[in-house]
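**Q** Each chain sits in its own coordinate frame; assemble them with the hints.
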Amino acid sequence: MSDKLFRIFLFIAACLIPIICGGIIYALVTDAYESFEHFGFLNFIFSSEWDYTEGNEQYGALPFIVGTMMTTFLALLFCIPFSLPVALFVGEYFKGTPVAAILSTVTDLLAGIPSIIYGLWGFFTLRPIIMALDISPEGSSILTASMVLSIMIIPYAASLSAEFIKMVPADLKEGAYSLGATRFEVIRKIVFPVAGSGIFSSYILAIGRALGETMTVTMLIGNTNQIPDGITATGNSMASIIANQFGEADGLKLSSLIAIGLILFLITAVINMIGKIMIKRARIS
Amino acid sequence: MELVNPILEFKKTCVSYSKQTMAVKYVSAAIERNTITAIMGPSGCGKSTLLRAANLMHALYPNIRVDGEILLNGQNILSMEPIEVRRKIGMVFQRPTPFPTMSIYDNVLAGYSLNGIRLSKSERNEIVEKCLRNVALWDEVKDVLNKKGTFLSGGQQQRLCIARALAMKPEVLLMDEPTSALDPIATKHIEDLILELQKDVTILIVTHNMGQAKRISSRSMFMYLGDLVEYDDTEKMFSNPTDERTRAYLTGKMG
Numbered sequence: 001m002s003d004k005l006f007r008i009f010l011f012i013a014a015c016l017i018p019i020i021c022g023g024i025i026y027a028l029v030t031d032a033y034e035s036f037e038h039f040g041f042l043n044f045i046f047s048s049e050w051d052y053t054e055g056n057e058q059y060g061a062l063p064f065i066v067g068t069m070m071t072t073f074l075a076l077l078f079c080i081p082f083s084l085p086v087a088l089f090v091g092e093y094f095k096g097t098p099v100a101a102i103l104s105t106v107t108d109l110l111a112g113i114p115s116i117i118y119g120l121w122g123f124f125t126l127r128p129i130i131m132a133l134d135i136s137p138e139g140s141s142i143l144t145a146s147m148v149l150s151i152m153i154i155p156y157a158a159s160l161s162a163e164f165i166k167m168v169p170a171d172l173k174e175g176a177y178s179l180g181a182t183r184f185e186v187i188r189k190i191v192f193p194v195a196g197s198g199i200f201s202s203y204i205l206a207i208g209r210a211l212g213e214t215m216t217v218t219m220l221i222g223n224t225n226q227i228p229d230g231i232t233a234t235g236n237s238m239a240s241i242i243a244n245q246f247g248e249a250d251g252l253k254l255s256s257l258i259a260i261g262l263i264l265f266l267i268t269a270v271i272n273m274i275g276k277i278m279i280k281r282a283r284i285s
Numbered sequence: 001m002e003l004v005n006p007i008l009e010f011k012k013t014c015v016s017y018s019k020q021t022m023a024v025k026y027v028s029a030a031i032e033r034n035t036i037t038a039i040m041g042p043s044g045c046g047k048s049t050l051l052r053a054a055n056l057m058h059a060l061y062p063n064i065r066v067d068g069e070i071l072l073n074g075q076n077i078l079s080m081e082p083i084e085v086r087r088k089i090g091m092v093f094q095r096p097t098p099f100p101t102m103s104i105y106d107n108v109l110a111g112y113s114l115n116g117i118r119l120s121k122s123e124r125n126e127i128v129e130k131c132l133r134n135v136a137l138w139d140e141v142k143d144v145l146n147k148k149g150t151f152l153s154g155g156q157q158q159r160l161c162i163a164r165a166l167a168m169k170p171e172v173l174l175m176d177e178p179t180s181a182l183d184p185i186a187t188k189h190i191e192d193l194i195l196e197l198q199k200d201v202t203i204l205i206v207t208h209n210m211g212q213a214k215r216i217s218s219r220s221m222f223m224y225l226g227d228l229v230e231y232d233d234t235e236k237m238f239s240n241p242t243d244e245r246t247r248a249y250l251t252g253k254m255g
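Line by line, the protein sequences are chains A and B. Heads up: the first sequence is residues 1 to 285, going by our numbering. Heads up: the second sequence is residues 1 to 255, going by our numbering.
Just so you know, the hints here were simulated from the structure itself, not pulled from any lab data. Warning: the hint list may mix true and false statements.
Unchecked claim - Derived BS3-like pairs (lysine-lysine); straight-line CA-CA distance at most 25 Å:
(1) LYS19/B to LYS95/A
(2) LYS199/B to LYS173/A
(3) LYS280/A to LYS148/B
(4) LYS189/A to LYS88/B
(5) LYS147/B to LYS189/A
Given the structure is predicted, the values throughout are model-derived calculations rather than measurements.
If we strip away everything but chain B, and leave its shape as in the complex, we get (with noise of 0.2 Å):
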């Protein structure tokens, strides 16, 4: 597998909850620049502890222990300020989490407001506009822009939440398991965002649903009890995957 420009790179990358356990285990891999890369692996692997420790989510818990390196552009965010980083990295959940309070308006402006930046109407209407037409949302939306964000269908709220993310301009989204609590159709919805978005932003998503990896990413990483087992260009991966666990996973023998 080749890299040309990555943009992310974990180096052994280590996650513990406690002395005893250790949920991801000296991982190491470099995340190319505007691709989508997919991590796949059954529950418990340690995807999502990988991808949220890339947000410094661990940092909200001080339970949650993380060593080695995470490189962005080179700089290591694990010595950075937490808030800097998320600026930088974005992250979409499980879950739509719209704020409840908030409008649809005041929803996608939410990064700009909660770090109490202050921005001129104009610029508010325009990042509003550019955000939901980026999700595919504001032809649904832009009558109703003043009601709740909690007002919308869970596909909806969920590309919301992803225009609020697009809104802080971050160079790499962070995706955990974004359609999982969706319909095939919603899926499908985010599922083309996410390819559309490759452009402009670098991808890491978590999945569980291996038709999903195949489908949008171009790399592919599979975890399993918490070591990265492979990774490879995606296509690779799928026809020719060198571990028998991930042989193993992808069959449908393991999961």
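Bound conformation, chain A alone (with noise of 0.2 Å):
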């Protein structure tokens, strides 16, 4: 008895999941259609009009797709000078010693820190900094944003890459120092290439991670509805823009900021998913 009563209980649980996935999912389509319906789908994403005067009112959501790309575009770029040595360090260079455990950790335990304790020390630290050197007048920018998300993602793309770099098989490596590779080319030549497609899907997981960032996002990058016109001037990303509206937000304009997130959800699933099987294929040769 107490056994089928568990297995209805897993079974509840289970479908649970789906449910609520299904749920928003179908929440997102329902109140984007409103948006959709009015401006017409692809008119709604190249749309650079961000104007609520009401009788006149018009949202696209292209400023923030760019906005979007460009911050999580340069944090990649920023992340992987740093993320790559991590990886190194940790799964070729040292490997199995203490240092390399104790990097490790410290690297998983960026992963772990809030992201309005990243937003506090880009606002706070960093942007002084932007101000000082003249780099952008108000020290909000797009770059502001992307530096700080850039060290937010270094954990997700250096532990799993160090993992793939850790499985390079051994004799392999031995097998290219017994003909007199040094150390730099073992590594160019042998653990880059075998290790390529894992080191590049976690990468692709860091994107993933890095689009959908929201408050530190928000925090820094200046929240103006505009494309930006360079690295150094204010924006929006998809998801600072919902962030710093929905609360004073009603009909046509929610419906907007929903469509923008329905479009955020898509691409962010997309990459994982492509991550993910881009892992499984990894793991698997």
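**A** Below you can see the structure in the form of structure tokens.
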């Protein structure tokens, strides 16, 4: 009897997750529908108007899609020179030593810091530096947000890359050393090519993480609604425009914000799926 | 046992993994040029460890210590740059390890590309053909040179790895149980190949297959618990070993 009860409990718990997920998608789609119907799906995506004057409401997602792409791409760019050495340090050079264990624990710790803390640090420490260096007058910019975002995604890229670097078989490396290769050559010509697809997939997952990051970006990006004309300009990402304006939105504007949310959800889902598939393939081969 | 022209010489060579455990204890032995010398012994006797020391593989692992001397043409390799030594002393491992991201062609040339040595197209073609012919693989793979090395069978992969080591024109080729992962037919191919190769390169081979040592080597070492127990002409060792432990091992009473 208790066995049967337990099975029913398991079944309900297991069903709940797909139901919740389906419910979220359903809510997003139905609430975004008004906006898509009013502006047209493609027109909504490619329009850069964001005007909430009553009677002349115009909403388009392009500035925020561009803002998200720019912050994500820059964050990825800034994160590579830090996460790749960390991955090599932990996975190859000091593999299995206490130093590597400490470094990888500290790196993983970065992932556990709440994003509001990153936001505060960026706002009160990095922003004044950006201002003092005269890079951007208010300190808030695409660049400022990207720099903090890059630190936030380092643990995701680094620890997974390190796993794949660790998995490169020792006898393969010894085979290369036995031919007179230096460590650098072994890393460049054996470790990287062999672990390559795994390393690549870990960066895809890091991108997935950066796309949806909200709090930090909202605090540092400057919150303006036009397409940023450079990396030192202010802007808004898809997540930050929603966080900024959902409180005083209703009707068409609310529907447009939810439509942006739906687009963000789809992009993130696709990116994460690609990353997961690639990781699976890399593990098998 | 008579040595006419030794090329490699172990002098009181010791290898230790930690302060307490010595895997190889004061081994002294000279290896004759252009011969095949086998190192036999039960698992854990230090035979692979000794072989790997001659390729300075221990330098990759900071916890391993090698003492004494290993001389190549009278020069102590332990005080030389590992990279320089490894170009003169090649190594073939237990498991075939063709580089999975490289084609068969590029695998043969891996020693050059890994060292950043640039060759002309005709030099490359010549080396690939010559080395693959040397290991009797050319006819089997000449039409699929651009395929990945991992696409070959185990025996073919191992011959590819031998070709890759030979491409660097080493003076000594160390082989660490090169046939233990292969089937009997592939093993026979490799043994024939080793016999053929000894005219160009000195071969030191670790094997726990007594039959193999008997078939291919002219001299044999027997190691036990890190000691070099006996080193003699293979024929003499198999017919009339001096040490009791050697006799016990060769007659299957130990091992």
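**Q** Would you mind confirming whether the straight-line C-alpha gap from LYS189/A to LYS88/B stays at or under 25 Å?
**A** holds (21 Å)
**Q** Next pair to validate is LYS199/B with LYS173/A; report whether the Cα-Cα distance is within 25 Å.
**A** violated (29 Å)
**Q** Hint check: LYS147/B vs LYS189/A, CA-CA at most 25 Å. Holds or violated?
**A** Judged against 25 Å, a Cα distance of about 18 Å means the pair holds.
**Q** Is the straight-line distance between the alpha-carbon of LYS280/A and that of LYS148/B 25 Å or less?
**A** holds (21 Å)
**Q** Are the Cα atoms of LYS19/B and LYS95/A separated by 25 Å or less?
**A** holds (22 Å)
Hint violations for this structure: number 2 only, all remaining hints satisfied.
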